[in-house]
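**Student:** Chain by chain, the residues run as shown.
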Amino acid sequence: MKSLQKESTRLGWAAFFMVLMAFMVTRPMFAQNAAPADPMKAIVDNSSAMRIGIDTVWVLVTAMLVFWMNAGFALVESGLCQAKNCTNILAKNFIVFAASTISFWVLGWGLMFGDGNGFIGLNGLWLVSGTDNSPALGEAYAAMNPFSTVKYEGVYSAINWTPVPLWAKFFFQLVFAGTAATIVSGAVAERIKFGAFLIFSFLLVAFIYPVTGHWIWGGGFLGSNNFRDFAGSSVVHSVGGWAALAGVIALGPRLGKYGKDGKINAIPGHSMTSAALGVLVLWLGWFGFNPGSTMSAGNGTAIAHILVNTNMAAATGALGALLTAWILLKKPDLSMILNGCLAGLVAITAPCAFVSIGSGAIIGLFGGALVVLAVLMFDRLKLDDPVGALSVHLVNGIWGTLALGLFYDNQVSTDIAALATGLTRSQQFMVQLKGVFWVGLFAFTASMVFWYLLKLTMGIRVSVDEEMEGLDVGEHGNRAYPDFVITGTTTISESRI
Amino acid sequence: MKSLQKESTRLGWAAFFMVLMAFMVTRPMFAQNAAPADPMKAIVDNSSAMRIGIDTVWVLVTAMLVFWMNAGFALVESGLCQAKNCTNILAKNFIVFAASTISFWVLGWGLMFGDGNGFIGLNGLWLVSGTDNSPALGEAYAAMNPFSTVKYEGVYSAINWTPVPLWAKFFFQLVFAGTAATIVSGAVAERIKFGAFLIFSFLLVAFIYPVTGHWIWGGGFLGSNNFRDFAGSSVVHSVGGWAALAGVIALGPRLGKYGKDGKINAIPGHSMTSAALGVLVLWLGWFGFNPGSTMSAGNGTAIAHILVNTNMAAATGALGALLTAWILLKKPDLSMILNGCLAGLVAITAPCAFVSIGSGAIIGLFGGALVVLAVLMFDRLKLDDPVGALSVHLVNGIWGTLALGLFYDNQVSTDIAALATGLTRSQQFMVQLKGVFWVGLFAFTASMVFWYLLKLTMGIRVSVDEEMEGLDVGEHGNRAYPDFVITGTTTISESRI
Amino acid sequence: MKSLQKESTRLGWAAFFMVLMAFMVTRPMFAQNAAPADPMKAIVDNSSAMRIGIDTVWVLVTAMLVFWMNAGFALVESGLCQAKNCTNILAKNFIVFAASTISFWVLGWGLMFGDGNGFIGLNGLWLVSGTDNSPALGEAYAAMNPFSTVKYEGVYSAINWTPVPLWAKFFFQLVFAGTAATIVSGAVAERIKFGAFLIFSFLLVAFIYPVTGHWIWGGGFLGSNNFRDFAGSSVVHSVGGWAALAGVIALGPRLGKYGKDGKINAIPGHSMTSAALGVLVLWLGWFGFNPGSTMSAGNGTAIAHILVNTNMAAATGALGALLTAWILLKKPDLSMILNGCLAGLVAITAPCAFVSIGSGAIIGLFGGALVVLAVLMFDRLKLDDPVGALSVHLVNGIWGTLALGLFYDNQVSTDIAALATGLTRSQQFMVQLKGVFWVGLFAFTASMVFWYLLKLTMGIRVSVDEEMEGLDVGEHGNRAYPDFVITGTTTISESRI
Amino acid sequence: MKKLECIVRPHKLEEVKGALEALGVLGMTVSEVRGVGRQKGHTEHYRGSEYTVDFLPKVKIEVIIPNETLQQAVEAVSKAAKTGKFGDGKIFVFSVEEVIRIRTGEVGAQAI
Amino acid sequence: MKKLECIVRPHKLEEVKGALEALGVLGMTVSEVRGVGRQKGHTEHYRGSEYTVDFLPKVKIEVIIPNETLQQAVEAVSKAAKTGKFGDGKIFVFSVEEVIRIRTGEVGAQAI
Amino acid sequence: MKKLECIVRPHKLEEVKGALEALGVLGMTVSEVRGVGRQKGHTEHYRGSEYTVDFLPKVKIEVIIPNETLQQAVEAVSKAAKTGKFGDGKIFVFSVEEVIRIRTGEVGAQAI
Ligand SMILES: Nc1ncnc2c1ncn2[C@@H]1O[C@H](COP(=O)(O)OP(=O)(O)O)[C@@H](O)[C@H]1O
Ligand SMILES: Nc1ncnc2c1ncn2[C@@H]1O[C@H](COP(=O)(O)OP(=O)(O)O)[C@@H](O)[C@H]1O
Ligand SMILES: Nc1ncnc2c1ncn2[C@@H]1O[C@H](COP(=O)(O)OP(=O)(O)O)[C@@H](O)[C@H]1O
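Chains as they are written, first to last, in numbering that gives the first Met the number 0: chain A, 0 to 496; chain B, 0 to 496; chain C, 0 to 496; chain D, 0 to 111; chain E, 0 to 111; chain F, 0 to 111.
Just so you know, these hints were derived from the structure itself, not from any lab. Fair warning: there could be bad hints in the mix.
Straight-line distance between alpha carbons at most 25 Å, and here's what the computed PhoX-like set of lysine-lysine pairs gives [stated by the list, open to error]: (1) K2(F) with K2(E); (2) K259(B) with K84(D); (3) K381(B) with K262(B).
Covered, in the sense of this in silico footprint (three residues per stretch, anywhere, with C-beta under 8 Å from a C-beta of chain D), are these stretches of chain F [as the list claims (entries may be wrong)]: (4) 27-37; (5) 92-100.
All C-beta atoms in this analysis are idealised placements derived from N, C-alpha and C, irrespective of residue type, glycine included.
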């Protein structure tokens with residue numbers, strides 16, 4: 000029985016894997032007296048496995064935090080919209096990550112990270128099926144080291160600098176792609192057809208996002224020309240923002256948002272609890288977004304610096320918006336404080352590893368002020384964005400990308416990002432500006448094309464009646480809060496239209 | 000003063016422990032010139048401590064994520080029930096983990112992991128007080144390695160394959176036990192007495208869960224006979240599901256759910272915000288549930304594979320339910336999409352380390368479709384399950400356990416789970432089928448006995464008046480939302496009863 | 000093209016840093032055949048980097064969990080207050096961490112951890128700009144080891160026992176400081192001016208918190224005299240509690256809370272969903288709070304013990320309050336169960352690394368009972384604390400600090416905290432008692448001074464009309480739930496005043 | 000024409016509606032109200048303070064009917080809403096001077 | 000004095016208010032109600048069970064006016080609230096015996 | 000019998016209730032309404048757009064009383080609800096044709 004049990008032990012519970020690993024790793028240690036062939040090699044292998052183990056834990060945990068941002072976006076966006084559209088927004092934000100998963104798996108990843116030309120990836124295109132020799136132990140690791148002369152055997156060489164397993168790389172990149180898609184959701188809320196949004200999300204993650212992603216992170220022409228974007232102010236946020244802007248234009252404003260007389264009507268969000276909780280989720284998620292983009296724990300220095308910079312910009316962003324709103328709008332509007340925090344976070348995303356903590360504080364502060372002005376501006380332009388996605392992601396995505404140039408610090412860039420360009424601030428700024436231009440041109444144009452194709456084929460906007468009654472019933476047959484008495488003001492007054 | 004301060008330094012802040020550890024670990028390094036007795040041994044010890052350190056961090060962080068699932072269950076279940084019962088459901092879901100903690104500490108752990116026979120654990124039964132030589136450093140670690148000849152000195156040998164400290168093992172297993180208990184809560188919601196639920200939870204975690212757990216993970220007869228369940232489709236979800244099914248039968252349906260005329264009445268949940276946020280929490284938590292079940296970070300390969308499989312099945316589960324609901328019910332019901340995501344997650348829980356990513360996608364997709372059909376079926380059977388717990392956990396727990404056989408991949412099972420059986424798919428399927436049978440037989444029967452004992456003694460169902468008025472006031476004297484005007488429809492119409 | 004791509008690879012994606020690190024670390028491994036100067040040194044350096052890497056990951060992840068507690072406090076506090084003040088509470092809880100970030104960066108950190116005298120820090124006071132040789136690799140690490148003779152070159156010697164980078168230390172300490180500030184928010188809710196609260200928060204984190212913090216954790220006179228507080232029952236919770244008590248006294252009770260006739264009126268919280276979710280968030284966050292206070296993963300033993308102790312006290316705290324409320328108040332009030340859980344957590348915060356798991360269970364149980372009695376008591380004393388912050392943080396902060404003495408276990412203190420004092424329980428109790436006294440004296444007095452200064456200058460309480468109408472509109476111009484019909488009872492009846 | 004204001008228990012709403020529809024009454028208007036009366040409120044606890052909830056949830060059904068249906072309607076509602084326990088509610092009858100159907104502009108009994 | 004009870008579509012509230020204000024009516028009282036009538040409710044799905052929502056959201060506007068404004072007011076409301084589709088709602092007219100303004104104690108038409 | 004519809008400030012609800020109970024009135028029905036009137040609404044901001052909240056929260060208390068209590072009741076409510084500032088509200092008095100107590104079937108003053 001005892002032996003059966005020993006046997007069952009190994010079988011019964013899953014991580015027998017670990018035992019094997021441990022065995023492989025630790026055997027030489029305990030076999031010391033058994034005179035191992037090369038104790039030194041055993042120790043080195045052991046170390047390599049641990050190094051990759053630590054790095055994978057870091058990459059996966061931070062990726063989970065970024066995944067968690069889906070909850071943040073769902074809450075912020077639904078909270079800042081009306082109760083009658085809440086189910087619809089939640090459904091959109093929920094399904095968008097599922098769609099992104101399929102889309103990025105099937106094609107997006109290959110297009111972004113596959114070896115190819117300066118514009119798109121061409122190898123290992125479908126289903127992440129290309130060769131990659133990660134997780135890299137021993138010699139294979141050396142092969143992934145650019146200083147090494149050992150040849151890397153794989154088709155995703157643009158991301159071979161991190162030793163973590165291929166699926167860890169995939170998941171980390173997937174959650175970023177999902178973020179870009181989810182940004183669109185808020186800007187087009189309260190009027191878009193569920194089906195149309197779903198299809199656009201598939202297209203965005205399969206085509207648009209990976210292409211500009213390839214330019215910057217996948218070995219393309221921007222990254223090779225000194226353009227820098229640490230964790231995606233441009234790659235993720237601006238791209239999402241441009242796609243959202245195209246959607247806002249294609250859809251037009253919500254009924255009643257801009258009165259016949261040109262008046263801008265407020266359509267208050269239905270739950271500040273949702274909105275505030277959502278932003279706290281996002282703030283937390285960003286601690287995965289930026290520090291995780293090292294894709295290695297290293298010796299802790301870089302991740303700690305990046306984390307503090309991220310937090311600093313979030314704090315000053317919130318305070319910047321608080322002050323701006325207090326002065327301009329007389330009272331500190333909570334939704335503006337929340338947007339300000341996100342603005343700071345978006346803005347620091349590109350430069351977090353290239354600038355000092357003090358600069359981070361300034362970048363965030365400015366971002367917070369900017370977001371309030373941008374919200375006012377978009378409303379003046381009659382671009383109806385219920386949740387402020389354009390002001391947060393597009394405007395501050397650009398601001399962050401440029402701020403990297405304005406506050407560029409060669410010492411930090413060497414120590415923390417290890418991607419120093421050696422340029423002066425004004426030179427770096429010009430490089431960044433060009434990158435902003437190319438990314439914007441492609442992302443906006445491509446999105447516009449997709450939106451109009453959808454508009455012409457299936458239609459992208461719900462009927463007037465459905466919009467007035469709320470998309471929850473129209474699109475899903477569900478209501479978000481059937482037990483509560485909802486005021487009639489959530490139904491748009493026709494006099495406003 | 001200076002010395003006082005040096006002194007106070009060590010005392011003032013807590014982790015002096017770390018210094019000691021660091022000392023032990025690093026001393027030989029810096030003492031090199033001081034000619035240490037055996038520098039090699041020092042390095043090996045150092046490595047062992049780090050290996051266990053990494054693994055413990057991984058185990059604890061993933062366990063925290065599983066703990067976090069309590070929030071997910073609380074939100075999903077309360078969101079899918081009526082506002083008038085919300086406090087009660089929150090209270091149940093909150094207290095159930097506290098109860099599980101005590102229950103699993105006092106007896107459950109020992110029964111599950113104590114050395115014993117093929118059916119129950121017998122050693123170290125009470126209060127986790129048995130010997131265990133974890134965390135295993137140096138020789139002791141070798142002792143926990145099944146390939147080693149050094150003898151393991153302890154009474155929890157079924158879980159000696161992971162080197163992490165005993166309390167880390169305990170906590171990780173505890174959060175799983177808590178999950179099983181929390182599953183019941185949703186199915187019996189809106190009519191069960193608070194006290195009866197509390198006592199059943201104690202019993203479930205003290206007796207029922209650990210017994211089948213012992214069979215599969217604790218050295219019992221199922222695990223030793225090639226039955227495989229990586230992270231608990233059967234051990235956790237089916238067992239919770241069977242206990243829930245017994246509860247649903249013992250309680251009967253909610254008033255008004257099934258009309259006199261046989262009509263199935265909809266009783267909509269009161270907050271889609273809660274429900275959607277809850278499922279996002281659970282999705283995140285599952286990244287602890289499955290990848291954490293390696294109980295070691297290893298070299299990252301296994302945890303990355305498992306994580307991606309988990310996410311893939313969640314995504315295809317959501318999409319599967321979306322499509323099924325869209326076709327069958329005409330509109331994409333959000334609550335079904337949410338259930339579909341959970342279905343995919345439950346389904347992939349057993350096979351995540353035994354099947355390829357492509358198979359994971361199919362398993363999830365099918366689970367998502369299945370859950371919609373199961374919800375419809377249980378309603379036809381007049382088994383009233385307000386939140387779909389049976390469809391999600393029981394049906395998909397079984398589906399996942401069987402899918403492991405249907406999609407069994409020996410290569411993946413070797414590389415990722417390291418628990419390959421070498422069987423063919425059809426052989427493995429038959430083994431799984433038998434396991435499903437035994438687990439179901441025991442868990443359902445034992446639960447039924449407990450429910451009826453409670454029914455006969457203290458009663459398990461609240462009075463009709465209390466059910467109509469809502470359990471919040473009846474059981475707790477609190478209302479969940481006293482400031483909001485609640486519609487009368489949350490009070491069941493008598494005409495329906 | 001190929002070479003361009005190789006080039007772009009390194010540039011395109013950010014963590015080139017990692018490559019460098021990896022290079023530094025791994026080079027000696029692969030250069031073996033190239034006869035490295037000293038392979039042993041390479042391995043040791045490699046190990047040091049990994050050790051610090053693991054520890055930094057642990058410190059940052061646990062710090063993120065503590066950051067996440069901001070969401071918990073926001074939810075608990077807003078949930079236990081009225082709908083008409085919800086935006087205001089969310090805004091306060093949101094901005095308080097932003098304010099703390101600035102405040103602790105500019106001055107708080109230096110005052111707390113700068114080398115100085117027994118009362119305050121004096122070096123490296125401003126902007127965390129003092130020297131520190133962390134992250135400590137190789138020799139520098141030895142220098143941070145108190146047993147080493149190598150001299151530590153820095154000004155934050157009180158926290159030089161952990162090898163993690165300075166910014167990681169800063170962030171971990173910052174989230175603790177933020178917690179202290181957020182405690183105040185709940186107690187003063189529903190009547191305080193937004194601006195006054197904001198300024199008080201700045202002052203608390205810049206002055207009051209760091210001073211007592213210095214006494215205990217920063218090399219000051221309490222820590223050097225055997226006073227022990229592992230993770231801050233006193234440093235964080237009591238200090239927050241004293242500041243809150245001063246605020247409650249300075250403000251007076253909410254209108255209508257205590258009737259003219261001396262009757263204590265209930266003012267129910269507006270969302271049990273928020274409150275329950277909030278406490279689950281806090282419970283999770285505490286797994287960062289206590290186990291993270293090791294500031295090192297070590298070999299896993301300490302963090303696992305502390306985690307289980309933390310969870311145990313949370314569970315018994317919830318059960319203790321459940322039973323007490325059930326007996327005293329006839330029904331198990333959910334808000335009391337929630338407070339009970341928090342009480343257990345606060346109580347175990349100081350002793351978690353100094354007492355056995357069994358003691359932890361008792362400490363929590365007692366804390367849970369205590370909190371119910373304390374809530375009743377404060378109401379009898381007409382100290383109006385809408386959310387129970389005084390009962391949770393102040394009363395249980397004191398109880399936890401004293402419990403460390405009552406249940407002191409020298410073995411656990413050596414193995415887990417590594418901060419054994421060698422005193423008997425009654426001796427340790429007396430030491431703790433004195434600490435409680437000094438901390439209370441300073442924190443309460445200083446807070447009182449600040450509150451009265453604010454009261455005399457800008458005023459701290461909103462007008463009667465604003466309080467009746469709700470602070471959401473008065474302070475922010477926003478309402479939290481504009482789409483829902485809110486009952487008139489949320490507006491205080493004048494007859495009660 | 001008469002207006003009936005029926006204050007009934009919330010869970011009786013569908014039965015009352017059914018009873019009225021059985022009489023051929025096609026329209027009615029419902030709202031959530033809170034009532035005080037002989038039915039005692041209950042005492043709830045919140046954090047140790049007892050408080051009485053005097054205002055109990057009721058549903059108000061407003062229905063305009065032609066004079067001739069009055070008796071029947073009152074009986075139908077009474078029957079459907081009755082449980083025999085305190086708090087069953089009341090029916091108040093008012094006289095309506097005019098009814099206008101907005102859609103068509105019809106007035107009087109036509110418009111009901 | 001007369002009381003108008005106007006049951007209208009929620010999104011017509013502001014227009015009706017505007018129309019009344021244009022007549023010089025300064026005050027009114029509004030509440031959320033749910034209406035049954037010729038306008039068919041819609042069928043919603045929840046987890047596979049179909050259910051009909053008969054009670055559609057409407058807004059009730061109560062306004063007291065002097066006798067002489069009655070005709071105008073009815074017309075104004077009718078015009079503002081009309082879409083021509085089922086469910087536009089009704090106006091019910093009642094006679095008011097007395098009106099008291101609490102602030103001043105004024106009574107009658109003065110107090111409106 | 001008379002019906003009083005009292006539109007008052009929400010925070011006056013309990014006082015008005017107390018005043019009526021002091022007169023021996025046992026029952027009443029309350030609902031949440033929103034009122035427009037001489038009391039100016041306030042301007043709120045949301046994301047930079049100003050919007051006026053005209054509809055201010057009020058409570059409507061409906062109470063049926065015997066004819067003879069009318070004067071007293073009006074005075075009691077007026078006194079309890081008065082603050083002297085704009086927005087104190089109104090009392091509207093209607094005549095009730097019949098009252099039926101559903102529980103017992105009693106009618107008329109008996110049933111109140
Ligand atoms: N005088 C009244 N005026 C207005 N509404 C009343 C009056 N009396 C009772 N009601 C309404 O009728 C409901 C039931 O009355 P109650 O006295 O509790 O029971 P019963 O009708 O069985 O005597 C109350 O909750 C209240 O809404
Ligand atoms: N007899 C009635 N008594 C009270 N309210 C009514 C009555 N008939 C209709 N209503 C109200 O008027 C609304 C509109 O009526 P409906 O019959 O749907 O459309 P229409 O007014 O266009 O004929 C209903 O939703 C209901 O609130
Ligand atoms: N003509 C009216 N018809 C119906 N309700 C009215 C009318 N005038 C006022 N009210 C109600 O009375 C409330 C108070 O009226 P208002 O004119 O603001 O103050 P006051 O009563 O002090 O003159 C309003 O908010 C509204 O609910």
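**Student:** Now, for every hint given, state plainly whether the structure supports it.
**Tutor:** Cross-check of the supplied hints:
Of the pairs offered as hints, the one joining K2(F) and K2(E) holds, with about 13 Å between alpha carbons and a cut-off of 25 Å not exceeded. Pair hint K259(B) plus K84(D) holds up; C-alpha atoms about 24 Å apart against a cutoff of 25 Å. Between K381(B) and K262(B), the direct Cα distance comes to roughly 10 Å. Compliance with the 25 Å bound is thereby established for this hinted pair. Taking a C-beta to C-beta cut-off of 8 Å, the region 27-37 of chain F contributes 4 residues in contact with chain D, enough for the three needed, and the coverage statement holds.
With a threshold of 8 Å between beta carbons, the proposed coverage of the region 92-100 of chain F by chain D holds, since 8 of its residues qualify and at least three are required.
Hint check: no violations occur; every hint is consistent with the structure.
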